[in-house]
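Protein sequences, first through last, are from chains P and D. Each residue of the first sequence is one higher than the one before, starting from 1 at the first, in this note's numbering. Each residue of the second sequence is one higher than the one before, starting from 1 at the first, in this note's numbering.
Any given hint could turn out to be false.
BS3-like cross-link-like pairs, simulated, lysine-lysine; straight-line CA separation at most 27 Å [what the hints assert, rightly or not]:
1) Lys-66/D with Lys-41/D
2) Lys-71/P with Lys-41/D
3) Lys-41/D with Lys-42/P
Note that these hints are calculated values from the structure, not bench results. These numbers were taken from a predicted model, which means no experiment stands behind them.
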Amino acid sequence: GESVGLHLPTLSVQEGDNSIINCAYSNSASDYFIWYKQESGKGPQFIIDIRSNMDKRQGQRVTVLLNKTVKHLSLQIAATQPGDSAVYFCAENYGQNFVFGPGTRLSVLP
Amino acid sequence: GAVVSQHPSWVICKSGTSVKIECRSLDFQATTMFWYRQFPKQSLMLMATSNEGSKATYEQGVEKDKFLINHASLTLSTLTVTSAHPEDSSFYICSARAWGWGISQYFGPGTRLTVT
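Excised from the complex, chain P in its bound form:
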């Protein structure tokens, strides 16, 4: 089902380091995945997507990796910047369903 109200796990990284945010998805039939970024007081923002027939997709400073065997999705952010501080959600799509993960808060340390 949809995300429930859970307190978010937090990942703290030093500015300039790489960040890896992980997500376990629920349905092996999911064929499309999206990562969203949500800054405080704003709506979620589309970052990058990937289809199930791909293992990896790269964007600008971001890379999404998909491991269908263990139903795992990750978002890698290179050279993390203060502006990357936000909550990151993964989402999976199967059929007409669109389901969010619980989210991870990324905190960038100076």
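For chain P, the structure is supplied; the task is to place chain D on it using the hints.
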């Protein structure tokens, strides 16, 4: 890209009054829109799915008589919080469904509702 707007971005109302929040898809038509609420430091909670020209589908535990949803056109859905109470204070976010490789959702900027 797909842009979704919400209005107002922030509203304060007195307990017992009703508040309407608008969600618009600006550069695409959305047959399906979604309404979420989000409490501080928590994930998004889906309230209802709004389909153009038909009744909304509410998630379990969401009072449909309290949260009225109308999706009158392919670019506009409204959420009306009726007889608001302080516990309704929250961040309300809408999203619109779009098709790409699969189903994507594009989100509005959110509306902060404070009920005093």
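Decide if the proposed pair is consistent with the structure: Lys-66/D and Lys-41/D, CA atoms, cutoff 27 Å inclusive. Holds, at roughly 24 Å.
Decide if the proposed pair is consistent with the structure: Lys-71/P and Lys-41/D, CA atoms, cutoff 27 Å inclusive. holds (26 Å)
Do the alpha carbons of Lys-41/D and Lys-42/P lie within 27 Å of each other, as the hint requires? The given pair, whose Cα atoms are some 13 Å apart, holds under the 27 Å limit.
Of the numbered hints given earlier, the model fails none.
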